[in-house]
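Here is what each chain is made of, one letter per residue.
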Amino acid sequence: MDIIEESLFSKAEARLNQLKKLPALKKDRSITKALKEHGISRRDFMKWAGAMTAMLSLPASFAPLTARAAEVADRLPVIWLHMAECTGCSESLLRSDGPGIDSLIFDYISLEYHETLMAASGYQAEQNLEDAIEKYKGRYVLMVEGGVPTALEGQYLTIGAHGMTGLESARKASENAAAIFAIGTCSSFGGIQAANPNPTASKPLSAVTNKPVINVPGCPPSEKNIVGNVLHFILFGTLPSVDAFNRPKWAYGLRIHDLCERRGHFDAGEFVQTFGDEGAKNGYCLYKVGCKGPYTFNNCSKLRFNSHTSWPIQAGHGCIGCSEPNFWDTMGPFEEPMANRLFNTPMFGGADKTADNIGIALLGAAAIGMAAHAVLSNIKKDKEQ
Amino acid sequence: MTKRIIVDPITRIEGHLRIEVIVDENNIIQEAYSSSTLWRGLEVIVKNRDPRDVGFMVQRICGVCTYSHYKAGITAVEDALGIEVPFNAQMVRALMNVSLVLHDHLVHFYHLHGLDWCDITSALKADPKKASELAFKYSKNPIATGADELKAVQERVKKFASGKQGLGPFANAYWGHGTYKFTPEQNLIVLSHYLKALEIQRVAAQLMAIFGAKQPHPQSLSVGGVTCVMDILDPSRLGDWLTKYKEVADFVNRAYYADVVMAAEMYKNEPSVLKGCGVKNFISYEEIPVNKSEFLYSTGIVRNGDISKLLPLEEDLITEEATHSWYKEDKPLHPYDGETEPNYTGFVDADTIGPDGKPIHTKALQLDGKYSWIKSPRYNGEPMEVGPLAAIVVGLAAKNPRITKIATQFLEDTGLPVEALFTTLGRTAARVLECKLSADYGIEAFNSLVENLKTGDQATCAPYKIDNNKEYKGRYIGNVPRGMLSHWIRIKNGVVQNYQCVVPSTWNAGPKDSKEQMGPYEASLVGTKIQDLTQPLEIIRTIHSFDPCIACSVHVMDTKGHELGEYKIDPIAIGCNI
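First to last, the protein sequences are chains W and X. Residue numbers in the first sequence follow UniProt numbering, run continuously in steps of one, and reach 385 at the last position. Residue numbers in the second sequence follow UniProt numbering, run continuously in steps of one, and reach 578 at the last position.
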């Protein structure tokens with residue numbers, strides 16, 4: 001181990017030891033026991049921990065710590081709030097895959113409030129939220145799905161008999177959270193309701209609270225990205241390192257394009273010209289029918305969706321850039337390449353910069369020019385031209 | 001002396017919903033008000049955009065019925081442009097639709113609605129052995145109900161419930177309520193299926209992802225067809241679809257259907273679930289092609305619950321109005337001409353019944369004014385119920401052979417008369433029948449696809465051109481898991497000129513109209529007796545039987561180019577939110 005790695009390791013270890021001393025929220029429910037009950041062997045569990053470690057871009061030597069992190073995960077109460085949204089992020093979480101291990105993790109994070117899943121309604125539901133905020137002050141993880149409407153003083157969304165606005169509710173829950181995750185593009189960047197002309201003045205969670213917010217964008221994000229972040233928090237006791245848009249680097253550090261299964265065709269200049277043509281049948285690159293993979297930072301090309309079943313590019317449709325800020329306004333039309341209009345269109349994200357180098361300040365001609373150059377030079381090679 | 005109760009939030013639904021009711025001295029509901037408390041604005045957001053992008057944007061109306069709006073948005077554009085979609089693409093779309101129905105109804109029954117019927121705390125008292133034997137009464141070949149398995153489920157939940165943390169997401173519900181009718185053994189069976197269904201729904205989601213890329217929010221439909229040509233031509237993918245389809249269909253037949261038959265037996269004397277539908281008009285539309293000429297669902301209208309007569313559906317008679325909705329325009333308008341500007345009047349201060357049964361000061365709906373973000377769709381001026389119950393009722397009236405067979409079998413298995421369909425129980429039952437329809441006959445679409453591929457036809461996407469000098473209008477009408485859905489589009493100068501969605505939950509959850517006619521939610525509640533005003537399980541159960549999808553039903557507007565400035569409260573936020 002090098003020095004940085006060593007210091008990370010000891011930091012994580014210290015954090016875990018500290019967590020271990022905390023009283024369990026659920027006395028009789030350790031992960032070890034739970035695994036046994038579900039017929040999952042220690043060996044399978046360690047294999048999973050190894051995979052999760054790799055996913056978090058940590059060295060393999062961290063795997064035992066990942067396993068230990070999962071074992072203490074039941075000490076984290078979670079509050080999940082719904083703002084202006086479509087519930088797709090909650091649904092994505094329900095699809096947690098594999099031998100059910102991440103759904104177990106989810107289970108063993110004590111879910112205190114989640115409107116789609118909780119049994120209580122009305123006053124009883126509100127009571128659950130208030131109790132959790134009070135009881136686990138400073139210790140709960142807050143996950144927020146959806147954009148926050150701010151026009152009309154937030155009244156485009158109210159919840160409960162007292163007509164509390166979503167804005168008030170999100171702020172209140174943020175006050176005493178140990179960590180805050182904006183789940184999905186709506187909560188991270190405003191999402192679809194914030195697309196032009198944004199009639200409800202919907203904002204990302206980070207714009208309505210002064211607490212630090214980790215963005216986990218995607219429409220929806222994969223459940224692995226959500227679980228991975230929680231583990232990071234447990235491991236290090238800090239929020240994961242993030243890029244210019246507050247996205248964890250471990251998940252959003254690479255472009256879709258970097259690990260794309262059709263990348264070879266891009267490099268060879270083999271493109272689908274129209275959906276359903278010979279190139280489409282042969283799995284050629286989708287850039288010319290609008291793929292935004294070169295401008296989009298996410299791990300879809302590595303992890304795919306629904307237990308690795310597929311992902312948009314495998315299903316023959318280009319990436320629409322759903323984990324990028326304002327993608328509804330900047331990435332469309334979704335079935336046309338960016339290069340055609342790159343020089344006169346403001347664009348977030350650049351094709352040849354790493355995620356952490358991209359900032360609002362860098363959205364000028366340089367990054368765009370480089371992206372355009374890369375793209376155009378490849379198109380010139382296009383065999384069909 | 002009347003009392004007023006508020007239930008907000010209604011949980012285990014999609015979106016944000018508030019119900020208010022007024023009960024008399026016998027706790028019988030006299031008046032009911034359904035209100036959505038969130039407004040997002042998608043219809044206005046898609047304006048002036050490339051018509052090819054619309055499907056992707058309107059899909060984000062809902063992440064639960066995730067495929068419904070996607071297909072509707074794409075199909076509306078295809079209708080406007082006069083595109084004929086290749087047969088392969090039609091069948092793949094049908095397979096994705098089948099996957100959605102299976103997924104959506106399973107999740108609804110077990111994870112969203114199930115806890116209204118099943119008291120999990122009672123399951124802890126069950127005898128697993130007896131429960132295991134009992135399961136054979138409802139299914140010849142029950143699933144996840146072996147005595148050992150049930151015992152393990154019971155112990156798992158017992159540990160969970162007795163831990164320091166308590167019931168977690170199951171906390172503080174109406175457990176022990178007098179209208180729960182299952183025996184402890186029956187509760188244990190449903191609880192075991194609840195857990196098993198968590199696994200099965202993952203498989204159902206993968207089923208859609210095989211051709212759809214992902215679920216929620218699949219991404220393989222494009223105007224003109226589908227893009228997943230490699231998956232279609234890959235026999236291993238086809239085999240994967242078939243295997244997963246069989247696994248999910250198996251669960252529908254051996255668990256879901258059996259559990260609803262069991263519920264029908266145990267709840268058939270519970271007045272709160274047998275009170276008739278308040279609105280007895282039903283409207284449904286053909287959907288899910290299984291070959292070149294047949295669909296699983298039929299088109300038409302049934303009025304006043306009279307299934308001996310099928311009335312034709314005339315699209316021109318569909319209107320929406322906003323008398324009691326937070327919009328300015330009050331006159332009923334056809335969706336092609338819909339116009340609306342927000343006019344939020346908010347809540348009023350009122351004394352209502354609090355969580356302890358005593359009066360409490362709250363915010364409440366302005367009953368004689370505007371009180372919801374949902375509009376009121378009407379057909380020929382009348383409210384209509386849409387959804388699985390409508391699909392079954394219209395299918396019976398249309399003498400649809402597949403629907404008739406499944407519905408007749410259900411009535412035989414439960415001994416219920418056909419009138420029992422027109423209730424909360426019937427609405428829940430209709431959902432399993434619709435799901436069974438996909439489980440039993442969805443395979444026909446798969447076979448049609450394979451047969452067509454054998455002929456050498458590999459077309460998946462039709463070419464088309466959008467002429468910027470031409471004006472187009474088109475619509476999608478169909479039947480999605482929550483009922484009849486329609487999207488209406490006008491295209492001008494190559495961009496979207498206006499867009500309107502008339503969605504299932506709008507039909508069902510809308511407020512009163514100008515003639516003070518109630519919509520299905522409200523009408524279904526009136527007359528229900530509430531046992532305990534602090535635990536209004538009867539309201540929750542009836543509302544859940546509609547499977548509310550509230551983000552879907554909320555409108556946004558301005559289809560006639562009105563200034564949007566009025567509700568651009570915070571101009572800094574517009575366009576850039578970082």
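Please note that the accuracy of each hint is not assured.
Think about it this way: if two alpha-carbon atoms lie no more than 30 Å apart in a straight line, the pair counts; the simulated DSBU-like pairs of lysine-lysine are [stated by the list, open to error]: (1) W/135 / X/246; (2) W/302 / X/405; (3) W/135 / X/363; (4) X/515 / X/492; (5) X/465 / W/281; (6) X/246 / W/302; (7) X/454 / W/281; (8) X/246 / W/281; (9) X/129 / W/281; (10) W/172 / X/363.
It is worth saying that the hints were derived from the structure and are not from the lab.
Each hint, compared with the structure:
The suggested pairing of residue 135 of chain W with residue 246 of chain X is violated, with an alpha-carbon distance near 46 Å, which exceeds 30 Å. For the hint pairing residue 302 of chain W with residue 405 of chain X, the CA-to-CA distance comes to about 46 Å; that exceeds 30 Å, so the pair is violated. Of the supplied pair hints, the one linking residue 135 of chain W and residue 363 of chain X holds, its CA atoms being roughly 27 Å apart against a limit of 30 Å. For the hint linking residue 515 of chain X to residue 492 of chain X, the alpha-carbon distance of about 36 Å lies beyond 30 Å, and the restraint is violated.
Pair hint residue 465 of chain X plus residue 281 of chain W holds up; C-alpha atoms about 22 Å apart against a cutoff of 30 Å. Annotation: proposed proximity of residue 246 of chain X to residue 302 of chain W holds, straight-line Cα distance about 29 Å (limit 30 Å). For the proposed pair residue 454 of chain X and residue 281 of chain W, the alpha carbon gap of about 16 Å is at most 30 Å, so the pair holds. Among the hinted pairs, residue 246 of chain X with residue 281 of chain W is consistent with the structure: their alpha-carbon atoms are about 28 Å apart, no more than 30 Å.
Restraint check for residue 129 of chain X and residue 281 of chain W: the C-alpha separation of about 55 Å exceeds 30 Å, so the hint is violated. Restraint check for residue 172 of chain W and residue 363 of chain X: the C-alpha separation of about 19 Å stays at or below 30 Å, so the hint holds.
The earlier numbered hints that this structure contradicts are 1, 2, 4, 9.
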